[in-house]
Amino acid sequence: MARFLVKRSQKLGTAPGSLIFVGKQKIDQVMLEFFSYDKSGILNKEIKHVGELKGLIDSKKVSWINHVGVHDEGAIESIGNFFHLHPLQLEDILNTTQRPKFEETDAYLFIQIRMLHLKEDGSLYTEQLSIVLMDGVLISFQEIPLDVFDPLRERLLRPTTKIRLRKNDYLAFAMLDAVVEQYIFIIEKFGERIEHLEDQLLERLEKSHLEQINLYKREINFLRKTIRPVRELVSQFKRSDSAIIHSTTQPYLRDLEEQIILATESIELYRDMLNDLLNLYNSGLNNRLNDILRVLTIFSVVFIPLTFLAGIYGTNFKYLPELDYRYAYPIFWLVLIAVAVGMILFFKKRKWL
Amino acid sequence: MARFLVKRSQKLGTAPGSLIFVGKQKIDQVMLEFFSYDKSGILNKEIKHVGELKGLIDSKKVSWINHVGVHDEGAIESIGNFFHLHPLQLEDILNTTQRPKFEETDAYLFIQIRMLHLKEDGSLYTEQLSIVLMDGVLISFQEIPLDVFDPLRERLLRPTTKIRLRKNDYLAFAMLDAVVEQYIFIIEKFGERIEHLEDQLLERLEKSHLEQINLYKREINFLRKTIRPVRELVSQFKRSDSAIIHSTTQPYLRDLEEQIILATESIELYRDMLNDLLNLYNSGLNNRLNDILRVLTIFSVVFIPLTFLAGIYGTNFKYLPELDYRYAYPIFWLVLIAVAVGMILFFKKRKWL
Amino acid sequence: MARFLVKRSQKLGTAPGSLIFVGKQKIDQVMLEFFSYDKSGILNKEIKHVGELKGLIDSKKVSWINHVGVHDEGAIESIGNFFHLHPLQLEDILNTTQRPKFEETDAYLFIQIRMLHLKEDGSLYTEQLSIVLMDGVLISFQEIPLDVFDPLRERLLRPTTKIRLRKNDYLAFAMLDAVVEQYIFIIEKFGERIEHLEDQLLERLEKSHLEQINLYKREINFLRKTIRPVRELVSQFKRSDSAIIHSTTQPYLRDLEEQIILATESIELYRDMLNDLLNLYNSGLNNRLNDILRVLTIFSVVFIPLTFLAGIYGTNFKYLPELDYRYAYPIFWLVLIAVAVGMILFFKKRKWL
Amino acid sequence: MARFLVKRSQKLGTAPGSLIFVGKQKIDQVMLEFFSYDKSGILNKEIKHVGELKGLIDSKKVSWINHVGVHDEGAIESIGNFFHLHPLQLEDILNTTQRPKFEETDAYLFIQIRMLHLKEDGSLYTEQLSIVLMDGVLISFQEIPLDVFDPLRERLLRPTTKIRLRKNDYLAFAMLDAVVEQYIFIIEKFGERIEHLEDQLLERLEKSHLEQINLYKREINFLRKTIRPVRELVSQFKRSDSAIIHSTTQPYLRDLEEQIILATESIELYRDMLNDLLNLYNSGLNNRLNDILRVLTIFSVVFIPLTFLAGIYGTNFKYLPELDYRYAYPIFWLVLIAVAVGMILFFKKRKWL
Amino acid sequence: MARFLVKRSQKLGTAPGSLIFVGKQKIDQVMLEFFSYDKSGILNKEIKHVGELKGLIDSKKVSWINHVGVHDEGAIESIGNFFHLHPLQLEDILNTTQRPKFEETDAYLFIQIRMLHLKEDGSLYTEQLSIVLMDGVLISFQEIPLDVFDPLRERLLRPTTKIRLRKNDYLAFAMLDAVVEQYIFIIEKFGERIEHLEDQLLERLEKSHLEQINLYKREINFLRKTIRPVRELVSQFKRSDSAIIHSTTQPYLRDLEEQIILATESIELYRDMLNDLLNLYNSGLNNRLNDILRVLTIFSVVFIPLTFLAGIYGTNFKYLPELDYRYAYPIFWLVLIAVAVGMILFFKKRKWL
Ligand SMILES: [Mg+2]
Ligand SMILES: [Mg+2]
Ligand SMILES: [Mg+2]
Ligand SMILES: [Mg+2]
Ligand SMILES: [Mg+2]
Ligand SMILES: [Mg+2]
Ligand SMILES: [Mg+2]
Ligand SMILES: [Mg+2]
Ligand SMILES: [Mg+2]
Ligand SMILES: [Mg+2]
Ligand SMILES: [Mg+2]
Ligand SMILES: [Mg+2]
Ligand SMILES: [Mg+2]
Ligand SMILES: [Mg+2]
Ligand SMILES: [Mg+2]
Ligand SMILES: [Mg+2]
Ligand SMILES: [Mg+2]
Ligand SMILES: [Mg+2]
Ligand SMILES: [Mg+2]
Ligand SMILES: [Mg+2]
Ligand SMILES: [Mg+2]
Ligand SMILES: [Mg+2]
Ligand SMILES: [Mg+2]
Ligand SMILES: [Mg+2]
Ligand SMILES: [Mg+2]
Ligand SMILES: [Mg+2]
Ligand SMILES: [Mg+2]
Ligand SMILES: [Mg+2]
Ligand SMILES: [Mg+2]
Ligand SMILES: [Mg+2]
Ligand SMILES: [Mg+2]
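Protein chains in written order, with this note's numbering: chain A, 1 to 353; chain B, 354 to 706; chain C, 707 to 1059; chain D, 1060 to 1412; chain E, 1413 to 1765.
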């Protein structure tokens, strides 16, 4: 619930650029992970405070600062001051309800995107990722330690991987690639469920199917809202002529753009499929209603005249000659059977039977 | 009601540029609020007539004239003459049913937008805001004193705020930012109600839900009509190369553009959700109809043959041998039970039970 | 009826540029109204024939020739020859079923648009207006004398109005402005009716509402077809760099463009509303069907077993022990009541009552 | 039927540019009609073989070769060789299922379009027209002699018509103009039928109306598929800067573009109308279902309790005191009437009566 | 089933450019087919390993290497190394779930597309085709030996065909042309089935029709997803200014673009038709429901009062004077008939009969 809410009312009336956390605090303590690498080696260190960075950043290497926990406005302000970030971007980092975007300033590139995780119960967990990409340094901000970057960290530790041979623009690409890969994985999972639902629906109609269609519609809408702006983001990243982005990274960005186009097209396809399922469900309901009422009508129409005839000979009129006739009862049965057979033939002709 | 009406028939046949108030007068008296500020200090004064402005406007400071009440054509004309505004813009200021827009003339920028307020009963109150932005002066026109600018006024009074350090282009931005922030707050509120309605609908179907879906559709359509043109307005403001807009204000306008994109996308999302709710409601109705008619059919089909059989043995035929048979009555019951059980098995097989 | 028909079959096979009237003749006689004005004075004269214009047109003044009645192919040809109009434009003037358009030739601007009038019975009356705008001269063609230009004629007669101070480009603008103003007035009227229909629909469902929804859909579609191309027309007029259009007229054309955007957006809004009303109507129908069938089912299901039981004790079996039992009848009633109460509790549990 | 089929499977696996007839042969023999004209005179001659053209084509005059029957691959190849046409265009001429298009090569312009004829039984007959427009020569290819060019031929024979005074670009325009004029005529006819259907539907609902709606949908879809690409075709023709097209033809091409825009817009309008009719039909059905079931429910609910009461006093309980009471029968009737009246009042209150 | 799944989860967490097969292995062994040709001659040879190519590639001829089976990552890597292909393209070749695309690098053009085959049971078989087009060499990758290129191979073997006279850009075109030709053939087949379904639906409504509509919707959606990106692909191929593409190939690419536009437009048309069929089916269901319930209502309403009257005279009231009346029974019958006739007239008036 409340997934589509913007929920930023706490900021009502504050000045633009005010550093106010918007969202739900998810961890107690800010954590700072530091990497510094080039082809020759890599340093990986957990740090306490942004001040420690002074001695650590080596302008010839790639420095990656992974800041976990964006609820601490003071910590964000410190890092902002250290790297001379604009208050508007700091405000955006603190606001965990941002629309995904790519922004370019004179000194750095700024990216915001949502990371998705699929929980074991099949529901989605979502977290905002902000990336600042400046000369020699990449700073990433996320809400909780869990992320999709573990395979990337492993590649960082191996000396001959592409990521170790390249600059921080490739690192930024690799992070986005990992996020988008996860999108595709999740769409794949939802797709499986939707296609399974279709099979069930074709086999047997149940009320729970309607609820599931509705549930998947909401999930797909949520995915759509999350993923669609990323297409624009990646396209802007690719087209940027910032000096930070090297030409050898271009093919990778183009590859990333293909992935995100595939993701958005798949989402549109599943939206269409859900609408088709709803139509199928409704037509199925109508079919069943037809069946039910056909049964009712056939039974009623066959027996109504029979019961009427029985009523006639159940009357107590003194002068009712048929009652005294010797073969009245068997003839009566013959009439009943004739009427019933006539009705049934009528339905056969109408192709109701 | 009548919210979507254009209601400008009183102007039929008048010349373009005619100064005629279009709308509903909401206050008795025009009020003029005057601010003049720079980093060194601020003057805040209520004035009676536009003539008093002569001594007050200091070309080195930012002057903000907030004109409340646009029903008084003479007052608007006076201010128009004082600042050399074009009659077409004066006409627009007097017409409270304008489509939001941004206009650029040689001497000033002209902005029209609707301010929204959420009343305590949950309904919307709406008021037109017109802004004239010229060298050193900002004139705002609104219909009633109530507005969304109180936090902004407070910041004006504090000496070190950004707004005090900057020119009137930033003031214009800050006003639009406050208006758009209010939009997002209101969409958030409607979103909560729509998501709550969905939960209710999934739990239990009621006729009032249909009325609510319809009501929210109208409200969302009204919000859409009000907010969508603002996206274009903000984009034009941002792209304007007027000398009045300083480069340091650009990042703020870009930030504002993001907000309004978020607002319009959320509105589209809630529109889709309302259509989905309507589909859900209709499918729910059909489901219930199925249930009702299944019950009717099962009862009818089980009892119709039984009642027919009872009718047979209620006839008064003289020669009806079964009636005299000793065990006829218990056998009759056995037949009835057998028929009933047969019918029920029939329905079990059809999965209606 | 037949409002959407193109009805030009009489032209089938004729050469392009053939002067053939297409439409329905609405008056007997062509009428020619002549105005010649500048700030110093105005001449207003009815003329018989285009030849009289020779002495009347003063190249230093604005000449307006208002030609009423386009069924007379000879008259149109005469005026065409007099002013050197292209046969394709003359053909268009004679064809009263044209799509609204703006055309620019070396010598003149050519505009076609539909004027709407709201008749007293609430239906629409429509007439084609063609305008030729050339150096110093404006020629307008309409089908019947009734038009929306009376307020404009009054302003012409007053010496200090804007229209008297300006050239014929402003006159053309003022004519289009009057036409568009009328559009907005008419949309406003339809909007009122549609919103009134919604109120009625929410109160009580009637078959006539369906017919009204359908009727308004057609009217809105007609308005849409008539008004939408005007947006393009006005935009082309505004963007034209013809020497006939003075820069002081530009703000007025921009104002006109805003009006027509407002008009088209309102039409789209009312189209959406009509679709919503149709959905509301259909859901309302389904709701009522549910109600009707719930009543039928409850009554049937309560009484069907009771009637069956009565039937059992109406049989004439000789050996039917309950019939002879002293308290059989009161017990029978108790059983009936128990069954009925049971059924009612069943429905209560299902929330059908 | 099978109108939407592409039906080109006979070409599967052949080389691009293979000269293979695709379609249904409609005449036995190819016919070649030849015209050569300028203002001074006209020659009209039927020829047997393309070789005869050698002596006939006069480079100072306009030559029009009208080739009827495209099933003869050899004939098409001969004409292709004679005029140096590209195999891809020859292939297209032989394929009667082409999408309408405009193509420009160095030597000639190539146009393909479908001609429509309305048969007497109201159905459509369709035939492909290909036009090659090169310096001084126009070659047209059609499938059967029947075409829409007879009025054009008549104008050719008259010495002072525009067509005789101009070059073959005007001839090409005049042919397209004739084709498009026929489109508008046919849309007009369909429009009449659709509007007539709406009137019938509003008067009385019949099953055949559903079939008609479906039939018209298919026809309109067919028209749409045929006509929509022509808009693009005409626009490309108009914008072409080929030396073959003279500037005096431009206004005529612009006029043609207007016609085709009108045609496509009318088709969209009738599509919308057919969807509205389907909605109207469905709502009408639902209305009738309501009526039917209201009648059933009222009758059932009034009589069910009455029949039950009669059943009670038809039981044969020995001790049933009411039966012996002197005024039981009249009182019984009073009770029956009271119950019936009560039920009827109940329905009145619910506004079902 | 699972046709819309992206199914690439096995790649989750791997580095971009990792050579991992994604899909289902369909053959055991990679096969390499080699062609080398110019107008003077052709060599066709099956090879085992990419190393053999060294002696075979003649830079003056066109070399076509057809690589069948993309499950073998080592084989793909070898060929990639041999021709200096970028790892991202190798990754794409190994991933059989790619979105169709055209890519241009400095050294080669890269195309991916899906080949479709229609199996004998009417279902679709699909396989990915990747093409690398570099100076003098074309490398194609497919999953199984079956393909649509046999007619093309035959043309290659004949010395005077266009394909032998031209370079490898024409070969690439011819391959795409064969693939697109197959698309059109398949759409044609589906179209036939859909139009056949429409005929059946108009004749008689069956539950299986709903399933078929749904099935065709899925198939058409699959075709759409497969074919739509090809339009973009072909357009990019046509617009490319790579030196590999000769100007004489341009008209062929334009022809190909026409084919693919025709294919996509036909798919949209059949999508619309399927939606129309679903509407037709639902309206048909509603029609039948009306019929069923009209029968039920007529029977019930005619017999309900009759049965009630019989019940009255079946009561055992001691003092029931009609029972003793001599002509009561015939009069009773007259009353029954009168009531029945009255009811039937009532239905006639309502036009239900
Ligand atoms: Mg704020
Ligand atoms: Mg803000
Ligand atoms: Mg921001
Ligand atoms: Mg995280
Ligand atoms: Mg979105
Ligand atoms: Mg679909
Ligand atoms: Mg539907
Ligand atoms: Mg006016
Ligand atoms: Mg105006
Ligand atoms: Mg205005
Ligand atoms: Mg206010
Ligand atoms: Mg809007
Ligand atoms: Mg949706
Ligand atoms: Mg004509
Ligand atoms: Mg014409
Ligand atoms: Mg014309
Ligand atoms: Mg008139
Ligand atoms: Mg239109
Ligand atoms: Mg809506
Ligand atoms: Mg519907
Ligand atoms: Mg072929
Ligand atoms: Mg071809
Ligand atoms: Mg072709
Ligand atoms: Mg023909
Ligand atoms: Mg089309
Ligand atoms: Mg419509
Ligand atoms: Mg990976
Ligand atoms: Mg990848
Ligand atoms: Mg890739
Ligand atoms: Mg293959
Ligand atoms: Mg359609």
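Worth double-checking, as some hints may not be accurate.
To be verified - Derived CB-CB ranges, DEER-like:
#1 B/L698 to C/R1056: 21 to 27 angstroms
#2 C/A949 to D/H1143: 36 to 42 angstroms
#3 A/I331 to C/R1056: 53 to 59 angstroms
#4 A/E104 to E/R1651: 42 to 48 angstroms
#5 C/D905 to A/K207: 30 to 36 angstroms
What the hints assert, rightly or not - Computed from the model, here is a short list of chain E residues facing chain D with C-beta under 10 angstroms:
#6 P1663
#7 L1668
#8 A1750
#9 V1753
The hints are simulated quantities; they were obtained by calculation from the structure and are not laboratory data.
Glycine included, each C-beta is placed from N, C-alpha and C at the ideal position.
Status of the hints after comparison with the structure:
As the Cβ distance of B/L698 to C/R1056 is approximately 23 angstroms, the hint placing it in 21 to 27 angstroms holds. Our hint of 36 to 42 angstroms for C/A949 and D/H1143 is violated, since their Cβ atoms are close to 47 angstroms apart. For A/I331 paired with C/R1056, a C-beta distance near 45 angstroms fails the hint of 53 to 59 angstroms. In this structure the supplied range 42 to 48 angstroms is violated for A/E104 paired with E/R1651, their Cβ-Cβ distance being about 29 angstroms.
Distance hint check for C/D905 and A/K207: the Cβ-Cβ separation is about 34 angstroms, which falls inside the suggested range of 30 to 36 angstroms. For E/P1663, the interface hint holds, the least distance from its beta-carbon to any beta-carbon of chain D being 5 angstroms, beneath 10 angstroms. Contact between E/L1668 and chain D, as hinted, is supported at the beta carbon level, the nearest pair being about 8 angstroms apart and thus within 10 angstroms. A distance limit of 10 angstroms between C-beta atoms decides the matter here; for E/A1750 the minimum to chain D is near 17 angstroms, and the interface restraint is violated.
For E/V1753, the shortest C-beta to C-beta distance to chain D is roughly 16 angstroms, which exceeds 10 angstroms, and the interface hint is violated.
Hints 2, 3, 4, 8, 9, counting from the list given before, are not met by this structure.
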